[in-house]
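Following the hints, complete the assembly by docking chain F onto the known chain E.
Protein chains: 2
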Amino acid sequence: MKAEIIAVGNEIVTGNTVNSNASYIARQIQMLGIMPKYHTATCDTMQDIQEVLCKSLARADVVFVTGGLGPTADDLTKEAICDYLGLELVINEEISQNIQAYFKKIGRYMPESNKKQAAFPLGCYILKNENGTAPGCILTKQNQYIVLLPGPPKEMKPMLDHYALPYFKQKLNCCYHTIDIKLFGIGESEMAEKIAHLLGDFEYASVAPYIGDYEVIVRITAFGDNEKKAVEVAQKIKNSVCGCLGEYVIGYNQDTLENVVLELMKKHDYTIATAESCTGGMIASTLVNCSGISTYFKEGFITYSNEAKIKYVGVSEETLSAYGAVSKQTAREMAEGVRQRTQADIGLSATGIAGPSGAAQEKPVGLVYIGLATPDKTYVYELNLKGTRQQIRERTVKNVLFQLYRNLK
Amino acid sequence: MKAEIIAVGNEIVTGNTVNSNASYIARQIQMLGIMPKYHTATCDTMQDIQEVLCKSLARADVVFVTGGLGPTADDLTKEAICDYLGLELVINEEISQNIQAYFKKIGRYMPESNKKQAAFPLGCYILKNENGTAPGCILTKQNQYIVLLPGPPKEMKPMLDHYALPYFKQKLNCCYHTIDIKLFGIGESEMAEKIAHLLGDFEYASVAPYIGDYEVIVRITAFGDNEKKAVEVAQKIKNSVCGCLGEYVIGYNQDTLENVVLELMKKHDYTIATAESCTGGMIASTLVNCSGISTYFKEGFITYSNEAKIKYVGVSEETLSAYGAVSKQTAREMAEGVRQRTQADIGLSATGIAGPSGAAQEKPVGLVYIGLATPDKTYVYELNLKGTRQQIRERTVKNVLFQLYRNLK
Numbered sequence: 030m031k032a033e034i035i036a037v038g039n040e041i042v043t044g045n046t047v048n049s050n051a052s053y054i055a056r057q058i059q060m061l062g063i064m065p066k067y068h069t070a071t072c073d074t075m076q077d078i079q080e081v082l083c084k085s086l087a088r089a090d091v092v093f094v095t096g097g098l099g100p101t102a103d104d105l106t107k108e109a110i111c112d113y114l115g116l117e118l119v120i121n122e123e124i125s126q127n128i129q130a131y132f133k134k135i136g137r138y139m140p141e142s143n144k145k146q147a148a149f150p151l152g153c154y155i156l157k158n159e160n161g162t163a164p165g166c167i168l169t170k171q172n173q174y175i176v177l178l179p180g181p182p183k184e185m186k187p188m189l190d191h192y193a194l195p196y197f198k199q200k201l202n203c204c205y206h207t208i209d210i211k212l213f214g215i216g217e218s219e220m221a222e223k224i225a226h227l228l229g230d231f232e233y234a235s236v237a238p239y240i241g242d243y244e245v246i247v248r249i250t251a252f253g254d255n256e257k258k259a260v261e262v263a264q265k266i267k268n269s270v271c272g273c274l275g276e277y278v279i280g281y282n283q284d285t286l287e288n289v290v291l292e293l294m295k296k297h298d299y300t301i302a303t304a305e306s307c308t309g310g311m312i313a314s315t316l317v318n319c320s321g322i323s324t325y326f327k328e329g330f331i332t333y334s335n336e337a338k339i340k341y342v343g344v345s346e347e348t349l350s351a352y353g354a355v356s357k358q359t360a361r362e363m364a365e366g367v368r369q370r371t372q373a374d375i376g377l378s379a380t381g382i383a384g385p386s387g388a389a390q391e392k393p394v395g396l397v398y399i400g401l402a403t404p405d406k407t408y409v410y411e412l413n414l415k416g417t418r419q420q421i422r423e424r425t426v427k428n429v430l431f432q433l434y435r436n437l438k
Numbered sequence: 030m031k032a033e034i035i036a037v038g039n040e041i042v043t044g045n046t047v048n049s050n051a052s053y054i055a056r057q058i059q060m061l062g063i064m065p066k067y068h069t070a071t072c073d074t075m076q077d078i079q080e081v082l083c084k085s086l087a088r089a090d091v092v093f094v095t096g097g098l099g100p101t102a103d104d105l106t107k108e109a110i111c112d113y114l115g116l117e118l119v120i121n122e123e124i125s126q127n128i129q130a131y132f133k134k135i136g137r138y139m140p141e142s143n144k145k146q147a148a149f150p151l152g153c154y155i156l157k158n159e160n161g162t163a164p165g166c167i168l169t170k171q172n173q174y175i176v177l178l179p180g181p182p183k184e185m186k187p188m189l190d191h192y193a194l195p196y197f198k199q200k201l202n203c204c205y206h207t208i209d210i211k212l213f214g215i216g217e218s219e220m221a222e223k224i225a226h227l228l229g230d231f232e233y234a235s236v237a238p239y240i241g242d243y244e245v246i247v248r249i250t251a252f253g254d255n256e257k258k259a260v261e262v263a264q265k266i267k268n269s270v271c272g273c274l275g276e277y278v279i280g281y282n283q284d285t286l287e288n289v290v291l292e293l294m295k296k297h298d299y300t301i302a303t304a305e306s307c308t309g310g311m312i313a314s315t316l317v318n319c320s321g322i323s324t325y326f327k328e329g330f331i332t333y334s335n336e337a338k339i340k341y342v343g344v345s346e347e348t349l350s351a352y353g354a355v356s357k358q359t360a361r362e363m364a365e366g367v368r369q370r371t372q373a374d375i376g377l378s379a380t381g382i383a384g385p386s387g388a389a390q391e392k393p394v395g396l397v398y399i400g401l402a403t404p405d406k407t408y409v410y411e412l413n414l415k416g417t418r419q420q421i422r423e424r425t426v427k428n429v430l431f432q433l434y435r436n437l438k
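Just so you know, the sequences run in chain order E and F.
The opening residue of the first sequence carries number 30 in this note's numbering; numbering runs sequentially from there.
The opening residue of the second sequence carries number 30 in this note's numbering; numbering runs sequentially from there.
Same shape as in the complex, but just chain E (with noise of 0.2 Å):
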């Protein structure tokens, strides 16, 4: 089966919004053994969309079309393609009543404009939107099939895996098996000279490396005549990379680091606390993204200035002003003492710098020092990194909750 996945909107078009509906879904759906074959963004107008359309239907088996589902004049896809198609589109009374539910919820008056999120064309299978308030839907055109999906990705990607995918799933009858290994502190090409010999498509499974930030993804797509088949092959795979890549694989399918790292404090039975600098709270805010940390994680200081650094995570003056507050030094005495003052009993810490300015001749951007105070030992890791402000932030963080991950596994 192939597949088509257009992307409706100026914004697109236009260069404002990146198109990264049209590579999720293109990953997603090959689970199911549909072929992406083509991707394209047009603008939001009824004849643009009309005429991608046609050209869609004319080489591709199903079609998936992101955006203009939205309440305002210029949302036209489902008009544009009902009115090709020969639909009519009609108020459903349930969905009418789930989006006014919605405005009520968010204490909001409801706009005469969002009414027509509610209209659909009779008989088509329509998709839940479980973060907004336009739903998908389904089409079918003799053996074509039409998936509509709204245009932000957050309300885009739920839709698709929650419901559209178990609708193919159902119709193809396919038996797959999926399995994403996550890996850290790799690169791609190391990655793949270490498992040349297992990626690529196979008769019963295809095998191939995905880059997300800082963070390498093996994907494993196992087929079967029935589940089973397909789970077996898929964990017989796995073994296989997890032999070759063991020490980089930090989890797999939804794991972050951050819930692989609470799951190994539940088990040690830790408690954690943070002191941080340059990632101004950002080590603390990733850990609370956890639903459960609070047992684990009670409290953290963002210890921007000098003077916060020695006054609630007790790094002397004299550390500071021989080696300066990015050094390892510093680093230490902050994981060790917010350790000590929390009670906690693992102490975190990070100090760095995050650029554009603030470098030195010897402390250039990307410069960091993490720190990982435990019960038995500190530990005090320098990290060159690169990137913008945010990006070397952000792999700040990535890196003091692997080095954690490590020492907790």
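Between beta-carbon pairs, the in silico distance windows are:
(1) P140(F) - N413(E): 28 to 34 Å
(2) Q129(E) - Q390(F): 21 to 27 Å
(3) L114(E) - R56(F): 32 to 38 Å
(4) A388(E) - R56(F): 26 to 32 Å
(5) C271(F) - N413(E): 42 to 48 Å
Think of the hints as simulated: they come from the structure by calculation, not from any bench.
Glycine included, C-beta positions come from ideal geometry on N, C-alpha and C.
Frame of chain E; chain F shown alone:
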């Protein structure tokens, strides 16, 4: 002049690589008055490339093609396009020597396969590659242009900016000016109702809304015979939009909530401190996104537990037991307490239920109180937010910064 942007490569189509080239090219060419109308991505076979090119030449004046200029057997863009146009590829001696020199410089022997990168049709305009071995080129077909660029962004972007854009700048003579107006605290549909008379495509300008997360943007693109005229038209429309939506406008173009807040803090010479519960450091971390914040933000507390709220920012035990941690009273005491203890001018706080667990009958997921203690008065706001744990936390941060912005203004 209309443009289509084509990406050639299986890595794009299968979703392994996000097509960030398309949005970059789209943004850059608009400055020259070339309007992007379509983006397409296709696989790297002769047939696919030729079919896509054929469609593009039927609807665009300029076609930008990225990818497929490498040395390997599946790099076929130049071959496919020249074959389609009936142009013969001839080795260009100067380019051939450049490629050999490149390999010599990096100390490697030049593989035979790289030879084909020096082949171009006679009379085309060659685009130099400063960061790799694949030069690009511009082909003309009557009044149409086909621009071939390499796929890797670090090669493509400088080639576009330094060689392709100057080529078109000389050929063309049109001027553009773009202003993004950033709004907060208003939904897309309410905004569209208020400025319905201003939205749309007009002779001298286009005005269109875009949606970020919890943020609405109005983009004005004005055209003119000269730069001054375009700027004037854009400014005039901007004034009209701001006249209707003034209270929601938080900034323009690259402005973010955090940097407009920083500018106002500078103006008032105010310092700030934070006490965060559900946001877990995200308010501080967002402020620290701004380079130059260190004069105004020195310290913050993550008071996730009740004990930490009492110990570090002086929330009273009575308040916590009478009203609970998620209450307007606690938010008030956190903001006032952190302001007092740190001697900052402004104290910010957030306490709420980010979910998915932790809700009670009277305190549902999404209920958040934010506090803003100023030299004159303390403000507390109740928010009822929707979304995932992460979204509720992000939206809390945006609301805190928005209230701070309004207050400072």
